[in-house]
Amino acid sequence: MSTPIIITLVVLGVIALLLVMWAVGVYNNLVTLRNRFKNAFAQIDVQLKRRFDLIPNLVETAKGYLAHERGTLEAVIQARNTAVSAQAKAAADPGDAGAVRGLIAADAVLTGGLGKFFALAEAYPQLKADANMRQLTEELTSTENKVAFARQAYNDAVMGYNTARELFPAVIIANFANFQPAQLYEIENAAERQAPVVKF
Amino acid sequence: MDFFAHQDAARRSSRRLIWVMILAVVAVIALVNLAFLAVFQIGPFVDADLFGPEGPAPQHIGPVLAWVSLGTLVVIVGGGLLSWLGLSGGGRAVAESLGGRELHANLADADGRRLLNVVEEMALASGVPRPPVFVIKDEGLNAFAAGFRPSDAAIGVTSGLMKLPRDELQGVIAHEYSHILNGDMRLNMRLIAAVAGLMAVAGIGRMVIHAVLRGGARSSSRDKKGGGALPILLFGAALFAIGMAGWFIGRWIQAAFSRRREFLADASAVQFTRNPDGIAGALSRIASGGSGVTAEKAGDVAHLFFADAIASRIAGMFATHPPLAERIARIKGLPVERVAGGQGGQATPGVMGFAGGGMRATQVVELAGAMSPDRLRLGAALLERLPAELASAAREPVSARAIALLPLLHRDEAACDRQIARIHAKDPWLAAEIRRLQPAWDGLDADRARWPLIQLACPALGALSPRQRASHLRLSEALALDDGVLTMREFCVLRMLRRVLGEVPTSLQRSRLRERADDAAVVLGALALCAGADPAVQDASFRAGWARLPLPGPTPARPPASACGPGALGPAFDRLCGLDQAGLRALIDACAHAVAADGKVEAREAELLRLTAGQLGVPIPAFADAA
Chain P
170 MSTPIIITLV
180 VLGVIALLLV
190 MWAVGVYNNL
200 VTLRNRFKNA
210 FAQIDVQLKR
220 RFDLIPNLVE
230 TAKGYLAHER
240 GTLEAVIQAR
250 NTAVSAQAKA
260 AADPGDAGAV
270 RGLIAADAVL
280 TGGLGKFFAL
290 AEAYPQLKAD
300 ANMRQLTEEL
310 TSTENKVAFA
320 RQAYNDAVMG
330 YNTARELFPA
340 VIIANFANFQ
350 PAQLYEIENA
360 AERQAPVVKF
Chain W
152 MDFFAHQDAA
162 RRSSRRLIWV
172 MILAVVAVIA
182 LVNLAFLAVF
192 QIGPFVDADL
202 FGPEGPAPQH
212 IGPVLAWVSL
222 GTLVVIVGGG
232 LLSWLGLSGG
242 GRAVAESLGG
252 RELHANLADA
262 DGRRLLNVVE
272 EMALASGVPR
282 PPVFVIKDEG
292 LNAFAAGFRP
302 SDAAIGVTSG
312 LMKLPRDELQ
322 GVIAHEYSHI
332 LNGDMRLNMR
342 LIAAVAGLMA
352 VAGIGRMVIH
362 AVLRGGARSS
372 SRDKKGGGAL
382 PILLFGAALF
392 AIGMAGWFIG
402 RWIQAAFSRR
412 REFLADASAV
422 QFTRNPDGIA
432 GALSRIASGG
442 SGVTAEKAGD
452 VAHLFFADAI
462 ASRIAGMFAT
472 HPPLAERIAR
482 IKGLPVERVA
492 GGQGGQATPG
502 VMGFAGGGMR
512 ATQVVELAGA
522 MSPDRLRLGA
532 ALLERLPAEL
542 ASAAREPVSA
552 RAIALLPLLH
562 RDEAACDRQI
572 ARIHAKDPWL
582 AAEIRRLQPA
592 WDGLDADRAR
602 WPLIQLACPA
612 LGALSPRQRA
622 SHLRLSEALA
632 LDDGVLTMRE
642 FCVLRMLRRV
652 LGEVPTSLQR
662 SRLRERADDA
672 AVVLGALALC
682 AGADPAVQDA
692 SFRAGWARLP
702 LPGPTPARPP
712 ASACGPGALG
722 PAFDRLCGLD
732 QAGLRALIDA
742 CAHAVAADGK
752 VEAREAELLR
762 LTAGQLGVPI
772 PAFADAA
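Chains as they are written, first to last, in this note's numbering: chain P, 170 to 369; chain W, 152 to 778.
Careful: at least some of the hints might be erroneous.
As a list, the in silico DSBU-like pairs of lysine-lysine whose alpha-carbon atoms are at most 35 Å apart [claimed, not checked]:
{"hint": "1", "chain 1": "P", "residue 1": "Lys207", "chain 2": "W", "residue 2": "Lys314"}
{"hint": "2", "chain 1": "W", "residue 1": "Lys483", "chain 2": "P", "residue 2": "Lys218"}
{"hint": "3", "chain 1": "W", "residue 1": "Lys577", "chain 2": "P", "residue 2": "Lys285"}
{"hint": "4", "chain 1": "P", "residue 1": "Lys232", "chain 2": "P", "residue 2": "Lys285"}
Here chain P is said to cover these stretches of chain W; the calculated rule only asks that three of the stretch's residues, wherever they fall, bring their Cβ under 8 Å from a Cβ of chain P [what the hints assert, rightly or not]:
{"hint": "5", "segment": "224-232"}
{"hint": "6", "segment": "250-260"}
{"hint": "7", "segment": "344-358"}
{"hint": "8", "segment": "535-549"}
{"hint": "9", "segment": "603-617"}
Source of the hints: derived by calculation from the structure; they are not laboratory data. For each residue, glycine too, the CB sits at the ideal point set by N, CA and C.
Next up, chain P with everything else stripped away, as it sits in the complex:
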């Protein structure tokens, strides 16, 4: 074996090692970014939970005034329960894009139902004057804001992860190690994007 061959081997070996180390670095970075968006989901989760916990109280309070609007109230409770189970599924693994999409859809249905509920409540001045109702509405608005804020942080984290995942040449490692794209938490249409709470 001649000198140039050995030198070439040494150089190649060093390059190969640096490549492997680079790959490990990319992998670790992806893992970190994935953890980050999963952690960000926990912030949405806790606020959604609060929101979902408020709704039965809200309906309970309204029941006395809206005796003839049972259908709307039941629809809200129904939508709330669906959203709760969708939330549990998404919280178990925020990396599961399907589960997150399920939660987004369930959340949209609930938001629509609440919109109807508050539109209805407009016609009942006594309900609007109820102290309990006012407080619950206020809490719901505040929670809605917190959800929106947490959603923004989550979407930023997802975007960071998805971008890192798709960049060449990291995408090779991402596909090889099965890093799935993450789902943005987006509100579908403009009507639902509005906070559902009508001002009292």
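Guided by the hints, dock chain W onto chain P, whose structure is given.
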């Protein structure tokens, strides 16, 4: 030893480590060369092409060995650099790479809440911002502190540890806090990178073996002249062995450097809590339950942990932590009362004397990074006395923004209304939240409660996304500049905020106070401007501060106000961060005397002093209140 002396000692051993590491690298390179010679020259594989039948020709050996050495060096440095890049994100990055999940105060369950309370109490007691806490899912009992400086530290604990009784948990956290206060973390981060570099040589050896074994199997059928493969295989094996030897050397260095700091941290934990049973109890539990952590990377960062994270078969020499029995015996043998009268204890009597109204300026340096059982109780009391709405807002990322904006609001009502209108234009909910919290905030003692509250809010701000951080920073800047004037206080709050929101400070250039006299004059000049409107008072403040600096020559004239503006002050702070510890100590002392021209530090002055010291990376806790 005080805060500065501890930091200094850690830095010195950190520097010593560099020399030992260089020696290790040279040794590994020499070994690689030897292995290369042995494989290709001695023994049955003498290569006629390379060295000729008569033996080695010197003109051939030289360049080949030079290449081999260079290659080895590139591998070691490259491996170390890659690892260092991963660490440069600070404690957060290390905790995340170990699979830690941040424990957010608003998401924590009962166990998590208790752990955060313990950490928060220590943060308030020592003045170090509460570090983010990460939980690693693992039933082993272990914990670590990582980061480069107190402001970017992170604490990690295993989920098993969270179930310990409170006093044992407190002992472990006190141990980790002492790593933060004693400046051990920077040393630890260097150790990680160094061992990773040495480890890389073993990696390349393993790759060579794999490549040759695979390539050899493929080529042997059609190529009878595969004789070259065996030496390469042997060389690969030698590389692997040398890499492992390098790794062992690295681990041994890791162990030698970290074991001493572990004993110190144990002793400090007892000193902080005055309760040897807490930490000893946790250690005995580890002795019976095990401290192993299964995260893949735990080996590289073994010395970060509270107890040995990886079971070492060759116990003793390579253990990153001293034997548990020895640690327990030492802890039990500590003269508790005397130790408790050490670092933190010295400051305690003076601090407690503050109740009378104003603490003496000379005592401020002793307070830096001080921790003692009394201070710990004080931290707990502070935490308890905070109004519930403020405390819960500080722990929620959305509302923590409101807490961080409160110190920027003007005291003048009209100006304050204008600021809130500005916030309302950007985020109505945030403006409403500030209005909601404002009465409680106004009722807080400016020095003793407001500052701790902001400290509590810092980790929640860490949950903001980069975009949200940037927008919050812009809003804060707009608020501070709303009246067209940037006060020293506002300037310091903004800079602190920038650091909390993840702006990594530029690398420090080490220097002595003598070389930075101009910068020190700018800082003292800016503080003097806060002393009052009368130029004579300002001059007196500047002279009082300057007199404390151990600099030769007469006191210079106070720099004009125009020379102490934000444009000059910022870079001056940046450069002063690189001061050696003796210089830093003198400068903090000088600042204390400039702020308190009458020798007593009042609450309002203390806040300014704390903000200034914070710019220099020196934590000054809230002054004690005997109540």
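Violated hints, by number in ascending order, as checked against the structure: 2
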